[in-house]
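Chemist: Sequence:
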Amino acid sequence: MTMHGDGSGGEVAENFAQLFYVYQDGRVERLMGTAVVPPSVDSATGVASKDVPIVSATGVSARLYLPPPPLASSAAGEKLPIVVYFHGGAFFVEFAASPTYHQYLNSLAAAARVLCVSVEYRRAPEHPLPAAYDDSWAALSWVAAHAGGAAAASPPEPWLSEYGDFTRVFLAGDSCGGNIAHNMAMRAAVETLSSGLKIEGLVAVHPYFWFRPASRPSIAGPAEALTAWIERLWRLSYPSAARGLEEPCMNPAVPGAPSMATLACRRVLVCLAEEDFLVEQGACYLEALQKSRFPGPVELFHSSGEEHIFHLTKPGTAAAGEMMDRLVGFLHGMSSSP
1 MTMHGDGSGG EVAENFAQLF YVYQDGRVER LMGTAVVPPS VDSATGVASK DVPIVSATGV
61 SARLYLPPPP LASSAAGEKL PIVVYFHGGA FFVEFAASPT YHQYLNSLAA AARVLCVSVE
121 YRRAPEHPLP AAYDDSWAAL SWVAAHAGGA AAASPPEPWL SEYGDFTRVF LAGDSCGGNI
181 AHNMAMRAAV ETLSSGLKIE GLVAVHPYFW FRPASRPSIA GPAEALTAWI ERLWRLSYPS
241 AARGLEEPCM NPAVPGAPSM ATLACRRVLV CLAEEDFLVE QGACYLEALQ KSRFPGPVEL
301 FHSSGEEHIF HLTKPGTAAA GEMMDRLVGF LHGMSSSP
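Letter by letter, the sequence shown follows residues 1 to 338 of the UniProt record's numbering.
Any given hint could turn out to be false.
Ranges between beta-carbon positions, derived for each pair [stated by the list, open to error]:
| no. | residue 1 | residue 2 | range |
| --- | --- | --- | --- |
| 1 | Ala152 | Ala228 | 45 to 51 Å |
| 2 | Gln24 | Pro217 | 15 to 21 Å |
| 3 | Val37 | Thr317 | 32 to 38 Å |
| 4 | Glu274 | Arg212 | 39 to 45 Å |
| 5 | His302 | Gln24 | 40 to 46 Å |
| 6 | Pro239 | Ala138 | 19 to 25 Å |
In silico EDC-like links for lysine to aspartate or glutamate, alpha-carbon gap of 16 Å or less [to be verified]:
| no. | residue 1 | residue 2 |
| --- | --- | --- |
| 7 | Lys79 | Glu200 |
| 8 | Lys79 | Glu191 |
| 9 | Lys50 | Asp134 |
| 10 | Lys314 | Glu275 |
| 11 | Lys198 | Asp165 |
| 12 | Lys79 | Asp165 |
Everything labelled a hint here was simulated from the structure, so no lab data went into it. Positions of the beta carbon are idealized from the N, C-alpha and C atoms, including for glycine.
I would like the entire structure built from these sequences, with the hints used as guidance.
Modeler: As structure tokens, this is what we get:
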């Protein structure tokens, strides 16, 4: 029996040190990603943010980020690209309103001059997958509804209607958020969104997939330890998944999975980091996408010597700046150098 040392006296059923504990009585104690900050006008960038409820029954919401005037020559009718962003956290921790993501989305909106929609989805283990996927789809569908005019959306959001360019929509996310972004682009190939919405691109930053057992040591210890840790984590994330890590949402190249060539976007940017414990899986994702005959360009941005989500944990570094520059270029249609 494992007892937690905070005086609660509860027996720990699942111990994912550094992330969370699950107790025998069902309580969940998260060890990171619990802080939130309110929306505001960011003093450093001038970006305004606000929270918008989307589905009251499930609590799905979004935090929107709007860069300051001039709004991309809006007087002449030009609109801003829309980035629908899915935060990371292994499906268990973090919020759209966490200080880390609030700072990052402020910076992205300012640097790229885009309208960001940061999705708040339900988290495991209280709400196991596919809840996060379904919530994210509900949020994307809500964004898409505005392409038909504010009256078509419920609830309507004036920032989207007034400033959003629905022909330049991007799906983006880091870690499990990159996984969600991919799965939303796959779902958009078979389920209907507003005909006025065009998904221009997909951005998968240090994405959380699992194609094969790990072959090198990581923060979890030996390669075998990382594989075992991911297996336990995924089982708790998605207990009803009959195929375990072989579900197409986690291994898009598994036999019988829908072809990645059907991704409902024109182009893809995959960001990998050399010292990321998921870099092998990210490389497999990139390779599988390239082999799938996906018709659009697939670009790689590789950060040497950097770890998982370093751009969030070390936002002021040169490496983080280089990643931001590449992302801004991708959002505005500039290809990487050969």
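Chemist: Take the hints in turn and mark each one as holding or not.
Modeler: Here is what the structure says about each hint:
1. Hint check: Ala152 to Ala228, Cβ distance near 48 Å, so the stated range 45 to 51 Å holds.
2. Against the hinted window of 15 to 21 Å, the Cβ-Cβ separation of Gln24 and Pro217 comes to about 32 Å, which falls outside the hint.
3. In this structure the hint that Val37 and Thr317 lie 32 to 38 Å apart at CB is violated, the actual value being about 22 Å.
4. As the Cβ distance of Glu274 to Arg212 is approximately 19 Å, the hint placing it in 39 to 45 Å is violated.
5. The beta-carbon spacing between His302 and Gln24, approximately 43 Å, falls within the hinted interval of 40 to 46 Å.
6. The supplied range of 19 to 25 Å is met by Pro239 and Ala138, whose beta-carbon atoms lie about 22 Å from each other.
7. Among the hinted pairs, Lys79 with Glu200 is consistent with the structure: their alpha-carbon atoms are about 15 Å apart, no more than 16 Å.
8. Pair hint Lys79 plus Glu191 does not hold up; C-alpha atoms about 26 Å apart against a cutoff of 16 Å.
9. Pair hint Lys50 plus Asp134 does not hold up; C-alpha atoms about 23 Å apart against a cutoff of 16 Å.
10. Between Lys314 and Glu275 the CA atoms are separated by roughly 14 Å; this keeps the pair inside 16 Å, and the hint holds.
11. A threshold of 16 Å between alpha carbons decides the hint, and for Lys198 with Asp165 the separation of about 9 Å falls inside it, so the pair holds.
12. A distance of roughly 5 Å separates the Cα atoms of Lys79 and Asp165; the hinted pair therefore holds under the 16 Å criterion.
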